[in-house]
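Protein chains in written order, with the working numbering: chain Y, 4 to 102; chain A, 471 to 1364.
Hints listed in this document are in silico derivations from the structure and should not be mistaken for laboratory results. The beta-carbon is built from N, C-alpha and C at its ideal position, and this holds for glycine as well. It is possible that part of the hints are untrue.
Now the stretches of chain A that chain Y is said to cover, found in silico as 3 or more residues with beta-carbon under 8 Å [as the list claims (entries may be wrong)]:
#1 704-710
#2 757-768
#3 848-855
#4 1261-1269
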Amino acid sequence: MAGRPPPPVFLASASYRQRRLRDAARLLPVVGMVLFLVPLLWPDATGLSIPLVDAEPVRNSNAMIYLFLVWIGLVAAAALLSVFLRSDPETPPGGEDRP
Amino acid sequence: MLSFNLLIVVALGYVAFLFAIAFAAERQAANGSKAWLRSPLVYTLSLSIYCTAWTFYGAVGYAARSGLEYLTIYLGPTVVVIGWWWVVRKLVRIGRAQRITSIADLISSRFGKSTALGVLVTIIAVAAATPYLALQLQSVTLSFAVFASAPGHDWGASELNGAALWVAAGLAIFTIIFGTRNLDANERHYGVVMAIAFEAVVKLFALLAVGVFVVWGVAGGPGDMVKMIDASPIALWDQNGARWAGLTFLSGAALLCLPRMFQVLVVENADESHLATASWAFPLYLLAMSLFVVPIAVAGLALLPPGSNPDLFVLTVPLSQGQGGLAILSFLGGFSSATSMVIVATIALSTMVSNHIVVPLWLQSRSQGAMMSGDVRAVVLLARRLSIVGVLGLGYLYYRVSGGGAALAAIGLISFTGVVQILPAMLGGIFWRGATRWGAAAGLITGTAIWVWSLFLPSFGPDVVIPAQVLAHGPWGLGWLRPQALFGISGLDPVVHAVLWSMLLNATAFMMGSIVTFPTPLERLQGAQIVNVFEHSPGARAWAQSAAEAEDLLIMAQRILGPAEAQAIFQREALEQGKAGYLPDVTPGFVDLLERELAGSVGAATAHAMIGQLIEGASVSVEDLIRVADEAAQIMEYSSRLEAKSAEQERTARALREANAKLTALSVQKDAFLSQISHELRTPMTSIRSFSEILRDGDMTPSVQAKYAGIIHDEALRLTRLLDDLLDLSVLENGQVTLNRQTGQLRELLDRAQGAAGLRAGGLTIRRRKGDETLVLTTDLDRLTQVFINLIANAQKYCDAPRPELRIVVGRARGEVVVDFIDNGEGIGSEHQQVIFEKFSRLTDHGKAGGAGLGLAICREIMARLGGSIAYLPGQGGAAFRVSLPAAAAMAAE
């Protein structure tokens, strides 16, 4: 088993980039969740939402287009991240400062 | 119109094709080429068992009833999989590090390998999966019925039930054949995974084909389709916010908790890097599966007469347009969705039932424990097969009892809500070291109770299980206990209501329980190991010092893993410790490794219990706990130089200790031998001298004279034999011997040895399988026969069974020919196994043996000269010796 010195405070730029990519990977589902919940703010046909004065209910065809576009966007972002982001099975989180 | 018979032929042909694929994949895996069987693509496709018949048929029905709400079922998993860096990655890593076999195994393993928690999770999973399995049977049956009704006669209840029974039986057979073929230490099923990956393609292709047909064939293009949607009854956005958010959460959580998803996501995962691909490819698959749902629903609502079942639009829309081929494709898609889900769910559940319920019960029922319990492997496999039949039987029973009434989506949601009760214990377990098993049990029980009371039982309808009176006013008039309005909060959607309360109270009970109780040492160790899986995969040890004998462990391991595999593990470990033979020192590290190997076959709790029986409770010491608690100490411990150095020193020290012990034993024995050899020489000399004196004095009858001369002769022979042995050994040891190579059949050698060993009638019985002995050997046959004679003669002398028996087993192992001589006596204790091959070593007093303890030493020297070896084989139930010859010396007889 490889030993580990205490994680250094400053990292080389490559590993710095890698860490920020991981942050992005952690952030992506949060962004997705928020975007998927946006439709709840729309005026709807149930009459239970915020009673805007002359709000037309949103049509489902438009809602579909919005949701599928968000979905495609998430897939594309995840695909992009997965190219650069590899979970090295032998590298613990503290060990990513290796060259 | 299509003939129903054609459909049956197509379905059977498809099933035969699936068998062929699974079989081919197993063959390929057996041949060692697993590369493309385990590609990221196959992994992603296997995840698609999330899309069951509920997706294939039910989503369209769902959309026709409630608009876009069906999307929540796919948005939740999308978010979870895209966020794989948070949870899924950790689960997969834990699954590999701890050899997790199922979700019940994960929970039980995290909370101190608790058997009770494993049972609890198994029961929840089976209860939640049963309606879901019934749903799959129902959807396949209904789709058959659609085609059967087309030629003009409708299916009655009996025909539907018959079809469901046939489907269930066929699925059970497939699952038993490919799901329980082997008891793999990793619990992976190549054939099954390949088959479901293929089915994933079929169902996606079928649904896309129907969708494309509807958009371009029925509506006339995307623009017209949008107009058609705007004109339909589901044109306007009317989602209830609580349901939208609640169902998204529910489906995301279910992705992690469903036993079948856990099976493909974690257990069948071959490489962690596949997750990176699946993180975008699986959401894409889900997107493609749900893309055409609304168009199909809208087309169905517009084209079919009011009152048609919207759950079957995927089939009935193409049929109503005269597209028979498309309808058959669509039928196959639905069939694929149902069968792949049932197969994987059944494998996952049967593993849980057998590992956490059947095997522990069976072990407990045998008072002798793991040591003497016969072949555990056969029992585990049988338990698994019976569980498969049992689980599918339950599904069929539910189908019969429920009458297959409720809409597909409703059943699916009930099932999801049940299974996500595992979520707090699971997430808490992998992220929070403070979680205890009492907390987990409290959360699981609370959540499940609320699920049963507020959703599961009411789902049968008023007055079936819960009287309408109780539904409306609560039990005993307690209004705050009304199943669908707990704590007096009414007006919530039933599913949201159940999810909200069960999750809230489940998580609260889990956390409160964990905070007020104290974990056992083993729980703390497992907790640290699982929560910090990325920091120290090697892990803290659950076993400190051990009282177990390596031989006992080997006997047990052989019964679970099979003799060859168990012996290989033991030999490897012994080699690593710098020892020869099959018995390594029982270090904590080795016990830990062995336990994980066993856990891969029978689950963590059972493996732990079995090892625990042998170790006798000498598990965690205070030092171990301090080590876990003290992070600084851990960093010290993993400092590589120190560790490597100390391991090296330890190895050297062990080798030295061993050499020293051997030397001491030998020196003692040499002293004993010297006194004994003088005794051996003196006894015959004394009798020769005294009898020759008597003869010299004369004055006796000829018969007495002859008798005395005979005695003198016998004693002289004994002396000669002793001196011959000594001479033989010294010649062999000095390498002065010349080998006389000949060619002959092993069977003849053994025959000769058996004849020459001088077996007495009524003494040793020899059992051989002459069919295996047709090998032709080219070596010094006389010397080899000498070894065999010696081993047979030893068995005759030392085997102390009332009916002594010697088995001679011929086989091949790792490119060598091996001949095992196994008797049914008491065997040789491990403290003696070290020295039996040394010269002058004798275990019993010499009076009985009549030799000088040189036989085995001579055998060892002979075998070394012949390029082979002889070793003591522990754990065979008696004394056992293995003679190995290089394969070059042998060729099979034609």
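Quiz item: Are at least 3 residues of the segment 1261-1269 of chain A within less than 8 Å of chain Y when you compare beta carbons?
Solution: violated (count 0)
Quiz prompt | Coverage assertion for the segment 757-768 of chain A with respect to chain Y, Cβ distance below 8 Å, three residues required | solution = holds (count 3)
Quiz prompt | Verdict on chain Y covering the segment 848-855 of chain A, criterion of 3 CB contacts below 8 Å | solution = violated (count 0)
Quiz item: Are there three or more residues in the segment 704-710 of chain A whose C-beta lies within less than 8 Å of some C-beta in chain Y?
Solution: Contact hint for the segment 704-710 of chain A vs chain Y: holds, 7 residues under 8 Å.
When the structure is compared with the earlier hints, violations turn up for hints 3, 4 and for no others.
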